[in-house]
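Put together the whole structure using the sequences plus the hints.
Read top to bottom, the protein sequences are chains A and B. Its first residue numbered 63, the first sequence is counted upward by one per residue in the working numbering. Its first residue numbered 63, the second sequence is counted upward by one per residue in the working numbering.
Hints are computed from structural coordinates only; laboratory data are not their basis. For glycine and all other residues, C-beta sits at the position ideal for the given N, C-alpha and C. One or more hints might be untrue.
[As the list claims (entries may be wrong)] Some but not every residue of chain B turned toward chain A, in silico, with C-beta under 7 Å:
(1) 82
(2) 89
(3) 98
(4) 100
(5) 136
(6) 138
(7) 143
(8) 164
(9) 172
(10) 177
(11) 179
(12) 181
(13) 187
(14) 188
Protein chains: 2
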Amino acid sequence: VKVLTGNRKKGLVLIAHGSRRASSNNEIRLLAERLREEAGDRFQHVGCAFLELAQPSIPNGIQACIDAGVEEVVVLPYFLSAGRHVAEDIPNEVDVKRREHPGITIRIAPYLGAAEDIVGVLLKQAS
Amino acid sequence: VKVLTGNRKKGLVLIAHGSRRASSNNEIRLLAERLREEAGDRFQHVGCAFLELAQPSIPNGIQACIDAGVEEVVVLPYFLSAGRHVAEDIPNEVDVKRREHPGITIRIAPYLGAAEDIVGVLLKQAS
Numbered sequence: 063v064k065v066l067t068g069n070r071k072k073g074l075v076l077i078a079h080g081s082r083r084a085s086s087n088n089e090i091r092l093l094a095e096r097l098r099e100e101a102g103d104r105f106q107h108v109g110c111a112f113l114e115l116a117q118p119s120i121p122n123g124i125q126a127c128i129d130a131g132v133e134e135v136v137v138l139p140y141f142l143s144a145g146r147h148v149a150e151d152i153p154n155e156v157d158v159k160r161r162e163h164p165g166i167t168i169r170i171a172p173y174l175g176a177a178e179d180i181v182g183v184l185l186k187q188a189s
Numbered sequence: 063v064k065v066l067t068g069n070r071k072k073g074l075v076l077i078a079h080g081s082r083r084a085s086s087n088n089e090i091r092l093l094a095e096r097l098r099e100e101a102g103d104r105f106q107h108v109g110c111a112f113l114e115l116a117q118p119s120i121p122n123g124i125q126a127c128i129d130a131g132v133e134e135v136v137v138l139p140y141f142l143s144a145g146r147h148v149a150e151d152i153p154n155e156v157d158v159k160r161r162e163h164p165g166i167t168i169r170i171a172p173y174l175g176a177a178e179d180i181v182g183v184l185l186k187q188a189s
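Below, the structure written as structure tokens:
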């Protein structure tokens, strides 16, 4: 008998605000690539999505994970503060996908600005 | 003979965009407090400042460091991408203070989004 735990296929979608500047959106796409490289076997699919002004949209970014066959999607808001986008807009878009795909677990991770480690990162940047 | 190196008094100013939401601005002030606690003896003065919509302004935030007697000020942009604010607005405000205080070293650290460690922080948030 082989007991496997924690081996559900998981996807990660980095959610950024989106910008009129193509270079800013490309920074996000590059960051998603770095996340993909670093994720190892923790995530079988890593992508990014934008709340506005750039593509893919949040629903399309989540859908790309689902199309890749994941059973669990982690949505990670690349935001610095818990404003309306983090508190309302992203959860609303996620809820639509949850209703569309009741068999898929879609979880919203804490936004970047809430990370404990941010203080250490900032002090390292400053020194 | 006592040779002391690297013992100049240093100040750190975390620069955020500023928001119409008081709670977002207070998140920044709390983060500056956490930086102050974690900085230990690396920075003798730690504060925050806002590009717009909140106080203190960037010039006033830098001035508070100088008034506290630091010889070197590190300005740290709490921004996710290298947009106009990071590339132009913050450097312009810093230049004004440099001209006002030629005896003080004012250095702009790389913005948060450029931190190598951000990938690790994000993966930790996601897991």
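Tested hints:
1. Taken as an interface hint, residue 82/B does not check out: its beta carbon lies about 9 Å from the nearest beta carbon of chain A, beyond 7 Å.
2. Contact between residue 89/B and chain A, as hinted, is supported at the beta carbon level, the nearest pair being about 5 Å apart and thus within 7 Å.
3. The criterion of a C-beta within 7 Å of any C-beta in chain A is not met by residue 98/B, whose closest approach is roughly 10 Å, and the hint is violated.
4. Taking 7 Å as the C-beta contact cut-off toward chain A, the hint placing residue 100/B at the interface holds, the least distance being around 5 Å.
5. Interface restraint check for residue 136/B: the shortest CB-CB distance to chain A comes to about 5 Å, inside 7 Å, so the restraint holds.
6. Interface restraint check for residue 138/B: the shortest CB-CB distance to chain A comes to about 5 Å, inside 7 Å, so the restraint holds.
7. The criterion of a C-beta within 7 Å of any C-beta in chain A is met by residue 143/B, whose closest approach is roughly 4 Å, and the hint holds.
8. Taking 7 Å as the C-beta contact cut-off toward chain A, the hint placing residue 164/B at the interface is violated, the least distance being around 22 Å.
9. The closest approach between the C-beta of residue 172/B and any C-beta of chain A is roughly 6 Å, which is under the 7 Å cut-off, so the hint is satisfied.
10. Using the Cβ-Cβ criterion of 7 Å, the hint placing residue 177/B at the interface with chain A is satisfied: the shortest such distance is roughly 5 Å.
11. The interface hint given for residue 179/B is met, as the beta carbon of that residue sits about 5 Å from the closest beta carbon of chain A, less than 7 Å.
12. This hint holds: residue 181/B has a C-beta 5 Å from the nearest C-beta of chain A, less than the 7 Å allowed.
13. Proximity of residue 187/B to chain A holds as hinted, the smallest CB-CB distance being about 5 Å (cut-off 7 Å).
14. Below 7 Å, beta-carbon pairs count as interface contacts, and residue 188/B has one with chain A at about 5 Å; its hint therefore holds.
When held up to the earlier numbered hints, the structure conflicts with 1, 3 and 8 and fits the remainder.
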